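Visitor: Chain by chain, the residues run as shown.
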Amino acid sequence: MVPTQTLRKHPPLQENLLLILHELQNGSGRNYLTEEDLQAVAEYLNITRAAVYGVATYYSMLSVKPRGRHVIRLCKSPVCDMMGAPGVTRILEELLGVAVGETTPDGVFTLEESACLGRCDSAVSMMIDGQYYGALDAPALARIIGRFRRG
Amino acid sequence: MSTGKRSTVHIDGREISALEGSNLLQVARENGIDIPGLCYHKRLSPTGACRLCVTRIEGRPGLVMACTVAVREGLRVTAFDDELEEARRHTLDYLLAEHDDDYDGTWRDELRELTDRYGLTDPAARRYPNICREIGYHADESSPVLTYDAAKCIKCFRCIKACEEIQGKSVLSFSERGIASHIIAGFDRWEESECDGCGECVQLCPTGALVEKPHRATIRLDRLERKVISTCPYCGVGCQIELNVQEGRIVRVNGVEDFSPNYGRLCVKGRFGCDFVAHPARLTTPLVRRQGELVPVSWDEALTLIAERFGAIRDGHGPDALAGYASAKCTNEDNYLFQKFVRRVFGTNNLDYCTRLCHASTVTAMLRSIGDGAGTNSIEDFARTDCLFVTGNNMIETHPVTATYVKAGVRTGMKLIVCDPKWTPLVKHAHIWLQPRLGTDVALLNGMIRQIFEEDLVDRQFVDERIQGGQDALRELRLQVEAYTPEVVETITTVPADLLVEAARTYARAPTAMIATGMGMSQQVTGTNNVFALINMMLITGQIGRERCGIDPPRGQNNVQGATDVGCSPRLFPGYIPVTDEANRTRMAALWGVSGEVLPADPGLSTVEIMHAAHEGRVRGLYIMGENPMVTDPDLNHTRESLERLDFLVVQDIFETETTRYAHVVLPAASFAEKEGTFVNSDRRVLRVRKAVESPGEAREDWRILVELAERMGAPIGQYESAREIFEEIARAAPMLGGISYGRIETEGIQWPCPAADHPGTATLFLERFNTPDGRAILNPVDHVEPGERSSERFPFILNSGRLLYQYHSATMSRRNNSLNSFVNESYVLMNPLDARRQELSDGERVRLYNGRGELTTTLRASKEVAPGELFMPWHFSESPVNNLTRGELDPLSRIAPFKLSACAVERVSTHTVRGQ
Ligand code: SF4
Ligand code: SF4
Ligand code: FES
Ligand code: FES
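Read top to bottom, the protein sequences are chains A and B.
Going by my numbering, the first sequence opens with residue 1, and the numbers climb by one from there.
Going by my numbering, the second sequence opens with residue 1, and the numbers climb by one from there.
Hint data in this document are derived by calculation from the structure and do not stem from the laboratory.
Bear in mind that the values here come from a model prediction, so they are computed numbers and not experimental data.
We put the beta carbon where it would ideally sit given N, CA and C, even for glycine.
Any given hint could turn out to be false.
The following residues of chain A were derived to be distant from chain B, with all beta-carbon distances above 12 angstroms [claimed, not checked]:
{"hint": "1", "residue": "51"}
{"hint": "2", "residue": "97"}
{"hint": "3", "residue": "115"}
{"hint": "4", "residue": "137"}
{"hint": "5", "residue": "147"}
Here are the simulated SDA-like cross-link-like pairs (lysine to any residue), alpha carbons at most 20 angstroms apart as the crow flies [as the list claims (entries may be wrong)]:
{"hint": "6", "chain 1": "A", "residue 1": "65", "chain 2": "B", "residue 2": "187"}
{"hint": "7", "chain 1": "A", "residue 1": "65", "chain 2": "B", "residue 2": "227"}
{"hint": "8", "chain 1": "B", "residue 1": "691", "chain 2": "B", "residue 2": "676"}
{"hint": "9", "chain 1": "B", "residue 1": "428", "chain 2": "A", "residue 2": "7"}
{"hint": "10", "chain 1": "B", "residue 1": "428", "chain 2": "A", "residue 2": "42"}
{"hint": "11", "chain 1": "B", "residue 1": "428", "chain 2": "A", "residue 2": "40"}
{"hint": "12", "chain 1": "B", "residue 1": "227", "chain 2": "B", "residue 2": "192"}
{"hint": "13", "chain 1": "B", "residue 1": "428", "chain 2": "A", "residue 2": "12"}
{"hint": "14", "chain 1": "B", "residue 1": "428", "chain 2": "A", "residue 2": "17"}
{"hint": "15", "chain 1": "A", "residue 1": "65", "chain 2": "B", "residue 2": "139"}
{"hint": "16", "chain 1": "B", "residue 1": "428", "chain 2": "A", "residue 2": "16"}
{"hint": "17", "chain 1": "B", "residue 1": "428", "chain 2": "A", "residue 2": "43"}
{"hint": "18", "chain 1": "A", "residue 1": "65", "chain 2": "B", "residue 2": "725"}
{"hint": "19", "chain 1": "B", "residue 1": "428", "chain 2": "A", "residue 2": "44"}
{"hint": "20", "chain 1": "B", "residue 1": "428", "chain 2": "A", "residue 2": "58"}
{"hint": "21", "chain 1": "B", "residue 1": "864", "chain 2": "A", "residue 2": "39"}
{"hint": "22", "chain 1": "B", "residue 1": "155", "chain 2": "A", "residue 2": "17"}
{"hint": "23", "chain 1": "B", "residue 1": "864", "chain 2": "A", "residue 2": "45"}
{"hint": "24", "chain 1": "B", "residue 1": "864", "chain 2": "A", "residue 2": "42"}
{"hint": "25", "chain 1": "B", "residue 1": "42", "chain 2": "B", "residue 2": "192"}
{"hint": "26", "chain 1": "B", "residue 1": "864", "chain 2": "A", "residue 2": "43"}
{"hint": "27", "chain 1": "A", "residue 1": "65", "chain 2": "A", "residue 2": "12"}
{"hint": "28", "chain 1": "B", "residue 1": "691", "chain 2": "B", "residue 2": "638"}
Please build the complete structure, drawing on both the sequences and the hints.
Guide: See the structure below:
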């Protein structure tokens, strides 16, 4: 489906590119931008595909690769790192059965890393779909992931 | 930006005078102070990314990147000292850490040169370990003509800027962050991007990140034998190319920096289209038809036979039973001798070439109203004028390098109006797109003219001073256009009234405005009238006769301009002097060392007329030099019959063509890369063509063949040692070329008129006077006539035809390049999706197009690029010959044929028929 409605909400000016990409990604229920999305945006704004793709791959909030229904973004900045982020990563990878950057085969989770989430006080922290989770350890992770699985 | 003022700067104690505002790094380099730097290129805006050009500037703290500094009076710069050099070495060292050092000798590597200069070639000399392998860089090899290797990329942005600022395409961007960042085209797959393969990014990449694909396996830069500067053999832009020759073959083509018309730019054909020169199918020996087969013979045998047969026709049926087709692909020297040959040896003016099929109507209208048929401006003006009206001209595909100037102009505020029944890529850049129905241009233009009167946007002073009949002529025009109200015009053309009004205002009000007119205007039965209407609009608004104003018909082929300049016309001698001008005939006869009566005084037959005469048996012998009428002429079934009826047909070419099938003798000619000479491009610039490689087999330069044949026919046309000598004679024959010599155009071409050796050439025509007898321009009011060919129940579609970027003309040359074929090598027809649905046809299906004149099969593409009821087909592909369907009916004034408008029907090719074939 071509996301015409979302596009039409904004005048076809290049400065609206980022805004449009965000709305498309969030409004699609897909959590990522398909090539059709990107193509439609390029045509709508009368710019080349690379101009759209470049922006879509520059911002970590945006993705051009299929992502699961829930996107887990684990902080990889220095504080969390020191507080044990590598260990947390390993636990998450085991729990989900995928490596960082991948999506679970059932399409439920995508595991990503992120720059500082601004929650250094409760390191190690992560974010799932806009919600923060801090002071992560193995039991906490199992609980959180379990809840999402059931829900 | 430079202000034109000069200022003095001091660099390392040296006093240097430079234009104020110019780039400091560039100024230093031009003065032999070689400050390093990789991201700067003189054709691009400065980026300041690589930090290698650091300098110290008095009064400014810290280190300053020279490429970001504009020159001003009194600047004091330190370019070299130990600290600066150490900073540069350190930057370079750091850059090298993420860089793959492998080098296979196939590209010029500025980074490598600097690495050497700073003693960092040996990894042991470097401070940082190389982490390139760990990064696992990405490469994109999907483009047919280039490869991108992120491991060699230094992220200097030169490619992105080359594509955006120079080519106006913005295909490239930057993806991801940090160490993974790299250059992308499209969605990170080059072949699916908008990239059209011009290779500008490759030419400007300072490392091996972007490299040409063709010949990569054989080319070794240190084994190049020579680099020869010449002129591109494809379109009429006349790009200057550098042919790189290795083992006797052209292995790479670069754009020549620093000189007009292209200043380094090329399109895909110029850069990747020269492989045809070494194609195995080149003709290598003369061929004579025996028992229906063409068999190889010696030159002696072939020429003897030709001399006998042409001689017999001349003596038995008179000179006018012979005719010649000259060539827009050959040099001025070849063409000049060809017209000399036809006039002197055949004794007829039955002499023409494909210009009749392209711009004859444009030229006719321009000659009658302003006195010259050539473009009035320089190519650079396409970026400098305030408003450009492009009509019937798919410029991005047909004159890609001219289009780069247009796009640059749009970026700096030029208003662009595109008028075309079919969508073209230029529409993307246009402020206004007028989409008239096919064949309604006069109505549209008359409507614009009426609007200009209505709003009193007429330049009265210009009319008084520079138009014949002044206000009276103006009144007459006004009367003629009175009926063309925006509403009436909307009914005829379907162009919305308000759009027409806006276009008229934009053009008329612009401080300066130019017109680019193409085949869409000229290739109609009303071709001459179309251009008259266009010129009327230009004249009453005074948008000519000043710099950056005027009308330009970008010429299709590399030397269409030159071939007429040197007299390949049934009506004109060299220099546009009518054959009927007796004084000139006497002068030409003296120059050629013959008596005046020898030269024919009556105008001869034109291109299509020659075919008609052949059909009727009036023309019995035809000499074709480098043309392919069996693809390019209208109504091909008729053309075929005409050729078959000839007593004797000689075709001289570099390949067998659709036309050589009907020849009695075929002569192998040298290609552009195998000879010396000159071409004249669309802005009247006489440009050098130079020999880079040897001809295959026994192929010879066209002019040498002509000289020898004339000798054998008992009417010698001169003895020449070289092309240079022929050009000297051309300069004497054509007054407007009188001041040009090889010596003067050694590095850069000169624009005619250039009447004297001390004349600089002429950038803009008609600044003082028009080239009419009284120096004033002439208005030619015209009326809209409904197209003679209309759609009907039987033939419901109107077919338009045109060219593509990747192929050229009858494709004799272009289709013999794998690189070009890998972009497009198949015929198709565009149909509006609405029509397709109605006809129950789907995209990709095989269809048959037919009308009363002929038929063809091709592949359907549903596309909004054409309006409902209209179709478009590229005409390069002889297996789907568009000209089976076109008409031989001619524009009464210019004898051009209506390639742009043929009624036809479309039907599905049933699978049954396909099997039956
Ligand atoms: S080849 Fe030409 S069009 Fe393609 S990316 Fe390079 S500069 Fe742009
Ligand atoms: S590909 Fe070449 S030109 Fe483009 S950023 Fe990389 S190094 Fe520079
Ligand atoms: S370092 Fe992890 S939230 Fe700031
Ligand atoms: S050349 Fe000046 S920063 Fe690269």
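Visitor: For each hint, tell me whether it holds in the structure or not.
Guide: Hint check:
1. The beta carbon of residue 51 (chain A) sits about 5 angstroms from the closest Cβ of chain B, which is not more than 12 angstroms, so the claim that it is off the interface is violated.
2. For residue 97 (chain A), the shortest C-beta to C-beta distance to chain B comes to about 24 angstroms, beyond the 12 angstroms cut-off, and the non-interface label holds.
3. A Cβ of chain B approaches the Cβ of residue 115 (chain A) within 12 angstroms, the least distance being about 10 angstroms, so the stated non-interface status is violated.
4. Under the 12 angstroms C-beta cut-off, the non-interface status given to residue 137 (chain A) relative to chain B holds; the minimum distance is some 29 angstroms.
5. For residue 147 (chain A), the condition that its CB be more than 12 angstroms from all CB atoms of chain B holds, with the nearest at approximately 32 angstroms.
6. Only pairs whose Cα atoms come within 20 angstroms are accepted, and residue 65 (chain A) paired with residue 187 (chain B) is accepted, the gap being roughly 11 angstroms.
7. A hinted pair counts as satisfied when its Cα atoms are at most 20 angstroms apart, and residue 65 (chain A) with residue 227 (chain B) does not qualify at roughly 46 angstroms.
8. Under the criterion of a C-alpha separation no larger than 20 angstroms, the hint pairing residue 691 (chain B) with residue 676 (chain B) is consistent with the structure, at around 5 angstroms.
9. Among the hinted pairs, residue 428 (chain B) with residue 7 (chain A) is consistent with the structure: their alpha-carbon atoms are about 19 angstroms apart, no more than 20 angstroms.
10. For the given pair, residue 428 (chain B) sits about 12 angstroms from residue 42 (chain A) by alpha-carbon distance, which is consistent with the 20 angstroms threshold.
11. Restraint check for residue 428 (chain B) and residue 40 (chain A): the C-alpha separation of about 15 angstroms stays at or below 20 angstroms, so the hint holds.
12. A hinted pair counts as satisfied when its Cα atoms are at most 20 angstroms apart, and residue 227 (chain B) with residue 192 (chain B) does not qualify at roughly 33 angstroms.
13. With a C-alpha separation of about 13 angstroms, the suggested pairing of residue 428 (chain B) with residue 12 (chain A) holds against the 20 angstroms cut-off.
14. About 18 angstroms separates the Cα atoms of residue 428 (chain B) and residue 17 (chain A), which keeps this hinted pair within 20 angstroms; it holds.
15. Taken as a hint, the residue 65 (chain A) and residue 139 (chain B) pair is honoured in the structure, with Cα atoms around 19 angstroms apart against an allowance of 20 angstroms.
16. Between the alpha carbons of residue 428 (chain B) and residue 16 (chain A) the distance comes to roughly 19 angstroms, so the proposed pair stays at or under 20 angstroms and holds.
17. Taken as a hint, the residue 428 (chain B) and residue 43 (chain A) pair is honoured in the structure, with Cα atoms around 10 angstroms apart against an allowance of 20 angstroms.
18. The suggested pairing of residue 65 (chain A) with residue 725 (chain B) is violated, with an alpha-carbon distance near 66 angstroms, which exceeds 20 angstroms.
19. For the proposed pair residue 428 (chain B) and residue 44 (chain A), the alpha carbon gap of about 12 angstroms is at most 20 angstroms, so the pair holds.
20. A C-alpha spacing of about 26 angstroms is found between residue 428 (chain B) and residue 58 (chain A), which places the hinted pair above 20 angstroms, so the restraint is violated.
21. Among the hinted pairs, residue 864 (chain B) with residue 39 (chain A) is consistent with the structure: their alpha-carbon atoms are about 17 angstroms apart, no more than 20 angstroms.
22. Between the alpha carbons of residue 155 (chain B) and residue 17 (chain A) the distance comes to roughly 23 angstroms, so the proposed pair goes past 20 angstroms and is violated.
23. Our distance criterion of 20 angstroms between C-alpha atoms is met by residue 864 (chain B) and residue 45 (chain A), whose separation comes to about 18 angstroms.
24. A threshold of 20 angstroms between alpha carbons decides the hint, and for residue 864 (chain B) with residue 42 (chain A) the separation of about 17 angstroms falls inside it, so the pair holds.
25. Distance hint between residue 42 (chain B) and residue 192 (chain B) is unfulfilled; the C-alpha atoms sit about 30 angstroms from each other, more than 20 angstroms.
26. For the hint pairing residue 864 (chain B) with residue 43 (chain A), the CA-to-CA distance comes to about 14 angstroms; that is within 20 angstroms, so the pair holds.
27. For the suggested pair residue 65 (chain A) and residue 12 (chain A), the alpha carbons sit about 25 angstroms apart, so the restraint of at most 20 angstroms is broken.
28. For the hint linking residue 691 (chain B) to residue 638 (chain B), the alpha-carbon distance of about 39 angstroms lies beyond 20 angstroms, and the restraint is violated.
The structure is inconsistent with the numbered hints 1, 3, 7, 12, 18, 20, 22, 25, 27, 28, although it conforms to all the rest.
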